[in-house]
Amino acid sequence: MREWILKVEGLTKIYPAPAQNGRICPECLKSTANKCVSCGSTIAVASASFTLYQREILGVMGESGSGKSILVRSLYFDIIPTFGEAYLNRERKNIFQLNSQEKRRLKNFNMGIAYQNPHLGLNFDISAGGNVAEKLLVANWRSHSNIRKRLIDLFEKTELPLNRMDDFPSTLSGGMQQRIQIAKALANNPEILFLDEPTSGLDLSVQARLLDLIKEIQQELKISMILVSHDLGVLRLLADRILVMKEGRIIESGLTDQILEDPQCHYTQLLVNSML
Amino acid sequence: MKDIILEVRNLSKNFNLHLLGDKAVVAFQNVSFTLKRGEFLGIAGKSGSGKSSLIKCIYRTYLTTYGEIIYYPDNGNPIDLASCPDEEIIDLRRRKIGYVSQFFGAIPRVSCEDIVTQALIQQGVNKDEARNSAQNMLSRLLIPKKLFDAYPSTFSGGEKQRVNIAQALVKETELLLIDEPTASLDKPAGDIVLEEIFRLKKRGTSVIGIFHDDKELRGFADKILVMEGEKGARIYENDK
Ligand SMILES: Nc1ncnc2c1ncn2[C@@H]1O[C@H](COP(=O)(O)OP(=O)(O)OP(=O)(O)O)[C@@H](O)[C@H]1O
Ligand SMILES: [Mg+2]
Ligand SMILES: [Zn+2]
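Line order of the protein sequences matches chains A and B.
Those letters in the first sequence? Residues -17 to 258, per our numbering, in order.
Those letters in the second sequence? Residues 34 to 273, per our numbering, in order.
Isolated chain A, as found in the complex (with noise of 0.2 Å):
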């Protein structure tokens, strides 16, 4: 069988309310819905665990509000989580408590993230072709020529066009804004890569092509990624196997097809029969 690339325990993110001083309370931790009845602190994420296998897409579906992007932001270093491990590549030490430069080696050559929101993914001060030069240089690239060879490279792998390296984000379309993200997130060779709602807001025509390039880069690069996407026929079309959250929690897992054909939740049932 094949080896797993991520592995997450007990991942639970609480936001304490205002009047909690940012603390939780003992009943937070029993809460079942994301508001504790008792302090009324928001539990965004309770006590996930999942794995993810090498060159699998796992897509994590759920309504908004369900906990997707926390899942992977907190993966992402984005976002303390309150409890939680989670091991990389069979080594022994929980994620979460590396230091922070340790960290940010995990950010720079271990993984590469999309974000829903581009403005959060790039900055907007800066081109294009800037965006991604600058993962590049944190990965301690230093030639002029050798940059720009690997952003041509990044920029035709991710179909975007040459002569729009030096423009601002900003003057981009939704769907480049994202291709742009993705050459960043691919930079430095990645094993993981978090994909947030990558399609989103985009119309149909550019959010096809952005799905074949994401299916093209998994099958060339082999590529482990985390999907997240509330969109089932984007799943459907990517995910070997889906994770449905719901409040905050997963509720199930199960390969794509069968999450589909025999959902067993009702939550899940009412997703998959409103979508057909």
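Think of the hints as simulated: they come from the structure by calculation, not from any bench.
Beta carbons are placed, not taken as given, at the ideal position from N, Cα and C, and that holds for glycine.
A hint or two may mislead.
What the hints assert, rightly or not - Some but not every residue of chain B turned toward chain A, in silico, with C-beta under 8 Å:
1. I37
2. L96
3. D124
4. R142
Chain A is already provided as a structure; the job is to place chain B with the ligands on it using the hints.
Frame of chain A, contents of chain B with the ligands only:
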């Protein structure tokens, strides 16, 4: 190597339809049979008797409610397809178990040649060889060359089904599950599909197939399993 490839024990599948007030639907109940290596098991039964559901349980498109599906790979330990991890199923689907579904959900914007090629690449075949075999298989199933780079979503029902069949048959898996492969095909195309299935069987593939045409079924099945929904299933040898 064990001479049995699959052992299905007391298998049942129920659906719990939460949206209909937790209505329970029994697809089939208490089905047992064994399949020898290289054997052809035909599945018969009325519409709604659970034939497709049985095949989908073996392929994990449906979760099994009760029972075991013990698969004996040509190398390695037996695996219960009803309860093993999803990852193991993904692996088996790539290399060992092929499936032709009753209805083909075409993937948008992937050409039919690519669909078939992809099936082989996932098995570890190199690109050129995969493309070559894919083209051969499509040609054998009478898909005209000019359609190779077209998208099956624009194909006729029969053409779609032949692409669906091609991507399963091209892999030469150990076990092949087929659900009414010839239903939407005319006689010449149907005959060719049957020939291809037979070619695989000769090479050692074990087959479980649903055929709505009784004559077809009796013509080549080694054993026939008659599904009767809630009442279980009967199996008998087919003396051809
Ligand atoms: N995904 C599903 N969800 C709910 N019920 C289902 C599902 N799939 C099948 N069933 C039910 O299970 C029973 C068996 O269906 P199945 O499709 O296995 O029959 P079949 O023998 O293949 O019929 P046919 O000859 O018409 O193809 C039917 O009552 C059907 O409505
Ligand atoms: Mg059927
Ligand atoms: Zn609380």
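Of the numbered hints stated earlier in the document, which are not met by this structure? Hint check: 1 fails alone, others pass.
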